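Protein chains in written order, with the numbering used here: chain C, 1 to 169; chain L, 1 to 75.
No lab work stands behind these hints, which were simulated from the structure alone.
Computed from a predicted model, the values in this text were never measured in an experiment.
Hints should not be assumed to be uniformly reliable.
The calculated DMTMM-like cross-link candidates involving lysine to aspartate or glutamate, where the alpha carbons are at most 20 Å apart (straight line), are [stated by the list, open to error]:
(1) C:K48 / L:E34
(2) L:K74 / L:E3
(3) L:K73 / L:E23
(4) L:K26 / L:E61
(5) L:K26 / L:E64
(6) L:K69 / L:E23
(7) L:K11 / C:E137
(8) L:K69 / C:E137
(9) L:K25 / L:E64
(10) L:K73 / L:D7
(11) L:K62 / C:E162
(12) L:K53 / L:E34
Computed footprint of chain C on chain L, listed as stretches where at least three residues anywhere in the stretch have a Cβ under 8 Å from a Cβ of chain C [stated by the list, open to error]:
(13) 6-14
(14) 24-35
By construction, the Cβ of each residue, glycine as well, lies at the ideal position given by its N, Cα and C atoms.
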Amino acid sequence: MADGLLTASAAIIIIPLVTLALGFLIGYLAQRSGFCSIGGMRDLMMFKHTRLFFGYLALIGGGFLGYFLFWLIIPSAFPGFYWSFTKSDPFTPIPGAPGGLSIISYIILAIIGGFGMGLIGVLLGGCPLRQIVMGTEGNYRSLFYVLGLAVGAIIFHAWIIELVVAILP
Amino acid sequence: MVEYKLDILGKVCPYCLLAVRNEMKKLSSGDILEVITDHPPAATDTIPHDMNKKGNEISSEKLEPGVWKLTIKKT
C-alpha cells in the first residue's frame with residue numbers, strides 16, 4: 001500500500017478484511033435506511049417524496065468528501081485524482097471503460113447506459129445496490145437482476161465492446 | 001363505512017404506493033382500506049408518509065416477520 005503504511009503481505013490480508021467489514025456496514029445501513037438512488041429520483045418525480053433523494057445527495061456528498069479526505073491523508077494512493085477537469089481523465093477510473101474514444105462517444109454511452117439502467121431499475125423497484133439488498137431480503141427477482149447484471153457485463157465486455165468501439169467515433 | 005382490502009404481497013416500489021393511491025380514490029370519507037404488504041419501505045415509509053401528508057389516518061400492524069397490515073381511514 002502507498003506511503004509504506006502497510007507491508008505488501010499485510011495489505012493482502014488487511015485490505016480484503018476492511019473491505020468486507022465496510023461491505024457489511026454499508027449493506028446494513030442500506031437495508032435499514034431503504035437507500036436507493038433510482039428510487040430517490042423516482043419518488044421525487046412521481047410522489048414528491050424527498051427522503052430517498054436526500055440519501056442520494058448524501059451519497060454523492062459523502063463519496064466526494066471521503067475521496068477528498070483519503071486524498072489528503074494518502075495523496076499517492078490516488079495519483080490520477082486532480083481537482084481540474086482538464087488535467088485528469090474522468091473516465092479512467094471507470095472499470096472496464098473502453099479507452100481512446102472521443103468525449104462525445106462517452107457521453108452517448110453514458111446516456112444509453114444511464115437510460116437502460118434507470119428504466120430497468122424503476123420497473124424492478126430499485127438501483128443495483130437496492131436490488132442486492134432486496135435479494136438478501138428474499139426477493140428472488142432481485143437476485144435475477146444481480147445475476148443479469150453480471151452476465152450482461154460479461155457479454156458486453158466480451159463481445160459488444162468491440163462493436164461499440166468500431167461504430168463510435 | 002365500507003371496508004376495502006388490498007393485497008400487494010410481492011409488489012415493490014413504486015407499485016405499492018401507486019396501488020394504494022388508486023384504491024384510495026374509490027373510498028369515501030370514513031371508509032377503511034386494509035393493505036397487506038411485504039415490502040419494508042412501502043410499509044414503514046412511503047405509504048404511511050403519503051397517507052399522513054394527505055391527512056388520512058393510518059395504523060400499522062406486523063402480522064409476521066416481514067409482513068405488515070396497514071389500516072388506512074380516509075378522512
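Here is what the structure says about each hint:
| no. | hint | result |
| --- | --- | --- |
| 1 | C:K48 / L:E34 | violated (24 Å) |
| 2 | L:K74 / L:E3 | holds (11 Å) |
| 3 | L:K73 / L:E23 | holds (12 Å) |
| 4 | L:K26 / L:E61 | violated (23 Å) |
| 5 | L:K26 / L:E64 | violated (28 Å) |
| 6 | L:K69 / L:E23 | holds (15 Å) |
| 7 | L:K11 / C:E137 | holds (13 Å) |
| 8 | L:K69 / C:E137 | holds (18 Å) |
| 9 | L:K25 / L:E64 | violated (28 Å) |
| 10 | L:K73 / L:D7 | holds (17 Å) |
| 11 | L:K62 / C:E162 | violated (52 Å) |
| 12 | L:K53 / L:E34 | holds (18 Å) |
| 13 | 6-14 | holds (count 3) |
| 14 | 24-35 | violated (count 0) |
Checked against the numbered hints listed earlier, the structure breaks hints 1, 4, 5, 9, 11 and 14; every other hint is satisfied.
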